[in-house]
Amino acid sequence: MIRPAGGRVGGALATGLLAVALALLVSPLAYAVWISFTPGELLEPPAGDWSLRWYRQFFASRQWTDGLGRSLRVAAESVALALAGGFGLGFAVVRARFRGVDALASAVLLPLFVPAVVLGMGLLPLLRRAGGFGSEESIAAAHALVSLPVVYLMTRTALRDADPELERAAQGLGASGRMILLRITLPLLAPALASGAAMAFVLSLNEFVVALFLGTAGNETLPKVIWPSLRYTLSPLVAAASGVTLALTVAVLLAGVAAARLLAHARGARRGARVSAGPR
Amino acid sequence: MARPDRRGWLAAAPAAALLGLGFVVPFALLLRLSFCDGGHRSGFGIGSAFYVPGTWSLRAWRELLADPAFQEILRFTIGLGFLVAALAVGLALPLALQIARLGSRARALALGAVVLPKLANVLVVLYGLELLLGNAGPLQRGLSAAGFVEGPLDLLHGFAATVVGKTWLILPYAVLILVAGIGRIDPELALAARGLGAGAWRRFARVTLPLALPWLALAFLLSLIFALGAFVSPYLLGGPEQFTLAVDVHRQAFENLHWPRAAAESAAMLATIGAIAAAGRLLRRAPRHGAPS
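Residue numbers (our numbering), protein chains in the order written: chain U, 329 to 608; chain G, 77 to 369.
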């Protein structure tokens with residue numbers, strides 16, 4: 329539509345350049361994964377045959393698998409917190425407003441703009457005094473603080489797009505508030521909640537700085553296990569760890585997209601003729 | 077009217093609790109901590125030897141403001157932030173212009189490639205960059221094979237690597253904002269300009285760019301705010317000369333075990349970000365001249 333370069337040749341050239349730029353953007357990730365398949369001890373891409381040697385070593389080590397398991401648990405906990413907080417706030421802002429709800433909703437966005445180091449440094453003394461320092465839950469809660477605004481914004485958008493007539497109609501037919509929530513509102517929001525959950529999971533899985541500040545030997549998440557190896561050792565094992573986190577990240581994101589589509593489709597089918605692929 | 081009120085309170089309670097306990101209370105405590113005595117740094121890791129609870133002292137702040145090393149770090153952090161934000165927005169504009177004109181499927185794919193480095197683990201992105209730019213990496217091997225350079229360039233652990241790493245991490249935000257902004261520009265305007273005989277560059281310079289300007293400003297402001305928190309890139313890809321405020325907060329807390337100082341630096345960091353955000357708001361409110369005519 330609007331572009332600085334005109335003409336068919338110019339357009340093709342621009343698209344080619346864009347593809348190169350995008351490939352460059354993901355090249356550090358691709359290169360680390362490529363190296364993870366090396367059969368040798370050096371940080372070189374596999375010359376001929378690819379090997380799973382470093383992945384076997386990753387999964388044979390207690391430290392790495394413990395870190396992975398802990399990361400997954402922390403991510404799941406933070407998703408639960410972010411969903412509860414984000415859905416509730418979105419619901420309050422769109423459907424059950426009260427005085428001060430907008431101020432609360434703006435305040436909830438603040439953690440997005442505060443450097444992770446400051447978040448970590450803020451929570452450190454509190455957890456030290458109040459107890460809970462070194463627990464998985466402390467890291468999960470801190471991660472939820474950052475993913476809550478994401479889930480809230482997605483819920484709010486979905487609720488604003490949802491037709492309030494449906495809820496009113498259910499009320500007119502005599503449904504209780506609880507029933508409306510469970511049978512109408514939540515199914516309408518299911519796609520947004522699925523995407524939000526996937527985002528929150530990935531944000532927590534890959535979060536490093538807060539986990540560094542709040543982590544002890546007893547609650548190391550995977551990024552915190554990667555950190556010292558990244559600084560002090562040079563072994564393709566870190567590349568394998570990178571491959572594992574990246575595979576998980578992409579898998580969860582794709583699962584989120586697929587689940588959101590599926591749920592939107594189911595909703596559309598239930599609603600019959602109404603268009604399911606309406607404005608997001 | 078009382079019923080929806082109570083429902084709203086109930087629904088918003090988890091978010092309010094999380095924000096209060098995870099954000100408001102910690103920051104109040106952090107501010108209070110910056111006015112505590114530094115403590116004796118002998119009891120490593122035991123109890124609260126990193127500060128003396130209940131004391132009032134201006135020492136951490138006085139030391140901080142008088143310390144030339146801190147002033148240097150603050151200057152460097154802000155300078156790095158401006159440089160990275162400018163680079164990110166400059167690189168994001170052509171990318172966003174191209175992405176905005178793609179069809180919806182191709183655009184989703186392109187945006188996926190843009191956000192992947194952001195959603196992936198920071199450590200993995202920077203590790204990959206280290207491997208690519210390192211002395212044994214493909215870039216330097218390619219350059220020396222082609223005869224451009226001889227011997228290792230030592231690109232890592234310096235200013236250039238820090239800037240490259242941080243820009244890599246900030247770029248996705250700038251692209252997303254600009255794609256959203258450019259997508260809102262009415263395509264009819266460019267068509268009208270074309271109908272009036274304006275060439276491609278003229279259309280870009282006189283129609284698209286002025287309309288995209290507020291979005292460029294927003295992208296710059298947000299990139300700057302995010303870049304001011306730079307921690308992992310300077311730590312991993314820079315040397316001691318590239319230490320930023322965030323790196324110093326970590327050093328004060330975990331190496332010097334001087335928590336009041338770390339708290340004061342955190343507060344200074346928030347104040348810097350707040351000041352820049354406020355300045356950005358003022359500038360955005362100021363009357364804009366040179367609107368497309």
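Please note that the accuracy of each hint is not assured.
[Claimed, not checked] Here are a few chain U residues that sit away from chain G, every Cβ distance over 12 angstroms (derived from the structure): (1) R381; (2) D394; (3) A444; (4) P453; (5) R511.
[Claimed, not checked] Here are the simulated distance ranges between beta carbons: (6) R327/G with L341/U: 44 to 54 angstroms; (7) L267/G with L380/U: 26 to 36 angstroms; (8) D489/U with L272/G: 49 to 59 angstroms; (9) G155/G with D489/U: 37 to 47 angstroms; (10) G344/U with P228/G: 28 to 38 angstroms; (11) T343/U with R270/G: 28 to 38 angstroms; (12) V191/G with G344/U: 13 to 23 angstroms; (13) S220/G with Y560/U: 22 to 32 angstroms; (14) P228/G with L341/U: 28 to 38 angstroms; (15) V128/G with E465/U: 46 to 56 angstroms; (16) D489/U with W277/G: 50 to 60 angstroms.
Hints in this document: simulated from the structure, not taken from any laboratory.
We treat Cβ as the ideally placed atom computed from N, Cα and C, and that holds for glycine.
Outcome of the hint check:
{"no.": "1", "hint": "R381", "in the structure": "18 angstroms, holds"}
{"no.": "2", "hint": "D394", "in the structure": "17 angstroms, holds"}
{"no.": "3", "hint": "A444", "in the structure": "7 angstroms, violated"}
{"no.": "4", "hint": "P453", "in the structure": "5 angstroms, violated"}
{"no.": "5", "hint": "R511", "in the structure": "17 angstroms, holds"}
{"no.": "6", "hint": "R327/G with L341/U: 44 to 54 angstroms", "in the structure": "48 angstroms, holds"}
{"no.": "7", "hint": "L267/G with L380/U: 26 to 36 angstroms", "in the structure": "55 angstroms, violated"}
{"no.": "8", "hint": "D489/U with L272/G: 49 to 59 angstroms", "in the structure": "38 angstroms, violated"}
{"no.": "9", "hint": "G155/G with D489/U: 37 to 47 angstroms", "in the structure": "43 angstroms, holds"}
{"no.": "10", "hint": "G344/U with P228/G: 28 to 38 angstroms", "in the structure": "32 angstroms, holds"}
{"no.": "11", "hint": "T343/U with R270/G: 28 to 38 angstroms", "in the structure": "20 angstroms, violated"}
{"no.": "12", "hint": "V191/G with G344/U: 13 to 23 angstroms", "in the structure": "22 angstroms, holds"}
{"no.": "13", "hint": "S220/G with Y560/U: 22 to 32 angstroms", "in the structure": "28 angstroms, holds"}
{"no.": "14", "hint": "P228/G with L341/U: 28 to 38 angstroms", "in the structure": "35 angstroms, holds"}
{"no.": "15", "hint": "V128/G with E465/U: 46 to 56 angstroms", "in the structure": "28 angstroms, violated"}
{"no.": "16", "hint": "D489/U with W277/G: 50 to 60 angstroms", "in the structure": "39 angstroms, violated"}
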